[in-house]
Amino acid sequence: MKKVLSDVKNHVLTGISYMIPLVIAGAVIMAISRVGGSFYGITDIWDEKYAESANALIRLLHSIDGFGGTALGLMFPVISAFIAYSVVDKLGIAPGLVGGMLIKDINAGFLGAIASGLIAGYICLWIKNHVKLPKSMSSVVPVFLVPVIGTLATVLIINYIIGIPFASLNVGLETWLNGLSGGNQIIMAAIVGAMVGFDLGGPVNKAAVTTAMALLTSQVYAPNTAAQVAIIIPPIGLGLATVFAKHKYNTELREAGKSAIIMGLVGVSEGAIPFAVESPLKVIPSTVIGSAIGSAIAVGLGAVNQAPISGFYGWFTVEKWPVYVLSISIGALFVAISSMLLRNKDAGKEVEADEVDYSFDEAEWES
Amino acid sequence: MKRKIIAVTACATGIAHTFMAAQALKKEAQKKGYLIKVETQGATGVENELTEKDCQIAEVVIFAVDTKVRNEERFSNKKVLKVPVAAPIKNAEKVIEEALALVDND
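The listed protein sequences correspond, in order, to chains D and X.
So the first sequence is numbered by numbering that gives the first Met the number 0: it starts at 0 and just counts up by one.
So the second sequence is numbered by numbering that gives the first Met the number 0: it starts at 0 and just counts up by one.
So that you can see chain D by itself, here it is in the shape it has in the complex:
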């Protein structure tokens, strides 16, 4: 059972890794159009009436919003297809794509798309492993049976079995998140922040971030705001700690600190990893709490980030951006100060430089 769960986790992460570029592309393109629109005082650039605008630039911005939407529309088909691909290789792609498209049409959400990929993948795997035809006809399985039966079975299962529950789950989740207010919304933000700060780009982080991003397509923005704040707090905070308390970090970590600040500013959590690897028990609690604090403040004070962008170039498109930047600063300072205080005085002693050449002679390899 544990094996099955870890396989499923790998399949889902594979799907997510292929989906992420699409989400980034689509949402950033949309954000460009919306920021552009805001220069003309337009807050609903996606409205059809701007397609007929007298101003060519506004027409262009309206089209660009649509192009971003096209990219985002591929999100569910692609994650579903690549989850299926992870299960059963090339055979899974066609049933996975079709299943994901159906999920999108019936509005069964991100979880539905994950389910669709797993269903498509495991059905095709089952057909591949269990349908035995005489040798002369064995090529019928991959070129005919798997595509046709696999796809048909997938869409039937989605349409008649899982579709409705997942669609209501999705609508329920949206309504619930939209209905959250005050304290509950702050708690939700803190939980999202804590998940993002927990494994810094690992599976828990990805689960929180991608769910938050997927909710953007349903105009639910608070989880995304929380996630985007939380993404950059750990690297910036840990980087600042190496600046504040130079003597407590060795050369290697001070260098890692500089690149962590830069990675943080452009929105990459992973900059914090060298610190988390070096002393996990001290660093991870501080990044979890720091991210949770930052997310809670941002959402609690009403900042709204509609784009899946955490880097500094996205800060000024955020509604109430001063609050947003403030919450990042508070979270990062918490991480910096707490991780500094938790470090031992002599933690900065130098270890041997790590610039070793790991290459070896090809002849030795082949001997």
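The hints are simulated quantities; they were obtained by calculation from the structure and are not laboratory data.
Errors might be hidden in some of the hints.
Stated by the list, open to error - The calculated DMTMM-like cross-link candidates involving lysine to aspartate or glutamate, where the alpha carbons are at most 20 Å apart (straight line), are:
| id | chain 1 | residue 1 | chain 2 | residue 2 |
| --- | --- | --- | --- | --- |
| 1 | D | K2 | X | E71 |
| 2 | X | K30 | D | D6 |
| 3 | X | K3 | D | D360 |
| 4 | X | K31 | D | D356 |
| 5 | X | K81 | X | D103 |
| 6 | D | K89 | D | E173 |
| 7 | X | K89 | D | E365 |
| 8 | X | K52 | D | E361 |
| 9 | X | K26 | D | E277 |
| 10 | X | K26 | X | E51 |
| 11 | X | K31 | X | E58 |
| 12 | X | K3 | D | E277 |
| 13 | X | K26 | D | D6 |
| 14 | X | K89 | D | E277 |
| 15 | X | K1 | D | E361 |
| 16 | D | K89 | X | E58 |
| 17 | X | K26 | D | D360 |
| 18 | X | K31 | D | E365 |
| 19 | X | K3 | D | E365 |
| 20 | X | K52 | D | E363 |
As the list claims (entries may be wrong) - Label-pair ranges, simulated between beta-carbon atoms:
| id | chain 1 | residue 1 | chain 2 | residue 2 | range |
| --- | --- | --- | --- | --- | --- |
| 21 | X | G32 | D | P284 | 22 to 30 Å |
| 22 | X | V45 | D | S366 | 24 to 32 Å |
| 23 | X | N47 | D | Y39 | 22 to 30 Å |
| 24 | X | V45 | D | Y159 | 38 to 46 Å |
| 25 | D | P321 | X | E96 | 49 to 57 Å |
Keep in mind that this is a model prediction, so the values were computed, not measured.
Glycine included, each C-beta is placed from N, C-alpha and C at the ideal position.
Chain D is already provided as a structure; the job is to place chain X on it using the hints.
Quick look at chain X alone, frame taken from chain D:
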């Protein structure tokens, strides 16, 4: 003759864990006096790709991956140890010893 290992590393985003795991494996192998070749399947694609020949030469394969290994059929007749990408970053020694144990216990 030195022990020979090949490994593939991959993570969901493909920019950090993938390469840190590769680094950790190489460092540990060198410390132990083993030879290791590591292919990274990161965001920019496959780097240091393992050839058919590498696959023949190596005794054992380590997959330190959170995602699917691309071109997995290359390793179809090898013993493979599959671990999460974070495992070698935490404890590369354990991962390498477990992998070698797969062939030693035959």
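Comparing the hints with the structure gives:
Between K2 of chain D and E71 of chain X, the direct Cα distance comes to roughly 19 Å. Compliance with the 20 Å bound is thereby established for this hinted pair. For a cut-off of 20 Å, the pair hint linking K30 of chain X to D6 of chain D is broken: about 32 Å separates their Cα positions. The straight-line distance between the Cα atoms of K3 of chain X and D360 of chain D is roughly 13 Å, inside the 20 Å bound, and the hint therefore holds. Of the supplied pair hints, the one linking K31 of chain X and D356 of chain D holds, its CA atoms being roughly 15 Å apart against a limit of 20 Å.
For the hint linking K81 of chain X to D103 of chain X, the alpha-carbon distance of about 17 Å falls within 20 Å, and the restraint holds. Restraint check for K89 of chain D and E173 of chain D: not satisfied, since their Cα atoms lie roughly 34 Å apart, outside the 20 Å limit. Restraint check for K89 of chain X and E365 of chain D: not satisfied, since their Cα atoms lie roughly 30 Å apart, outside the 20 Å limit. For the hint pairing K52 of chain X with E361 of chain D, the CA-to-CA distance comes to about 12 Å; that is within 20 Å, so the pair holds.
Distance restraint check for K26 of chain X and E277 of chain D: the Cα-Cα separation of roughly 16 Å lies within the 20 Å cut-off, and the hinted pair is therefore satisfied. For the suggested pair K26 of chain X and E51 of chain X, the alpha carbons sit about 24 Å apart, so the restraint of at most 20 Å is broken. At most 20 Å may separate the alpha-carbon atoms for a hinted pair to count; K31 of chain X and E58 of chain X meet this at roughly 16 Å. Between K3 of chain X and E277 of chain D the alpha-carbon distance is near 28 Å, which puts this suggested pair outside the 20 Å criterion.
With a C-alpha separation of about 28 Å, the suggested pair K26 of chain X and D6 of chain D falls outside the 20 Å cut-off, and the hint is violated. Straight-line distance between C-alpha atoms of K89 of chain X and E277 of chain D comes to about 9 Å, which keeps the hinted pair within the 20 Å bound. Using a Cα cut-off of 20 Å, the hinted pair K1 of chain X and E361 of chain D holds, with the two alpha carbons roughly 13 Å apart. For the given pair, K89 of chain D sits about 28 Å from E58 of chain X by alpha-carbon distance, which is inconsistent with the 20 Å threshold.
The hinted pair formed by K26 of chain X and D360 of chain D meets the criterion: a straight-line CA distance of about 16 Å does not exceed 20 Å. For a cut-off of 20 Å, the pair hint linking K31 of chain X to E365 of chain D stands: about 19 Å separates their Cα positions. Proposed proximity of K3 of chain X and E365 of chain D is supported: the alpha carbons are some 10 Å apart, at most 20 Å. Only pairs whose Cα atoms come within 20 Å are accepted, and K52 of chain X paired with E363 of chain D is accepted, the gap being roughly 14 Å.
About 38 Å separates the C-beta atoms of G32 of chain X and P284 of chain D, a value inconsistent with the hinted range of 22 to 30 Å. About 26 Å separates the C-beta atoms of V45 of chain X and S366 of chain D, a value consistent with the hinted range of 24 to 32 Å. A hinted range of 22 to 30 Å is violated for the C-beta pair N47 of chain X and Y39 of chain D, which are about 50 Å apart. Distance hint for V45 of chain X and Y159 of chain D: a CB-CB separation of about 40 Å, consistent with the stated range 38 to 46 Å.
A hinted range of 49 to 57 Å holds for the C-beta pair P321 of chain D and E96 of chain X, which are about 54 Å apart.
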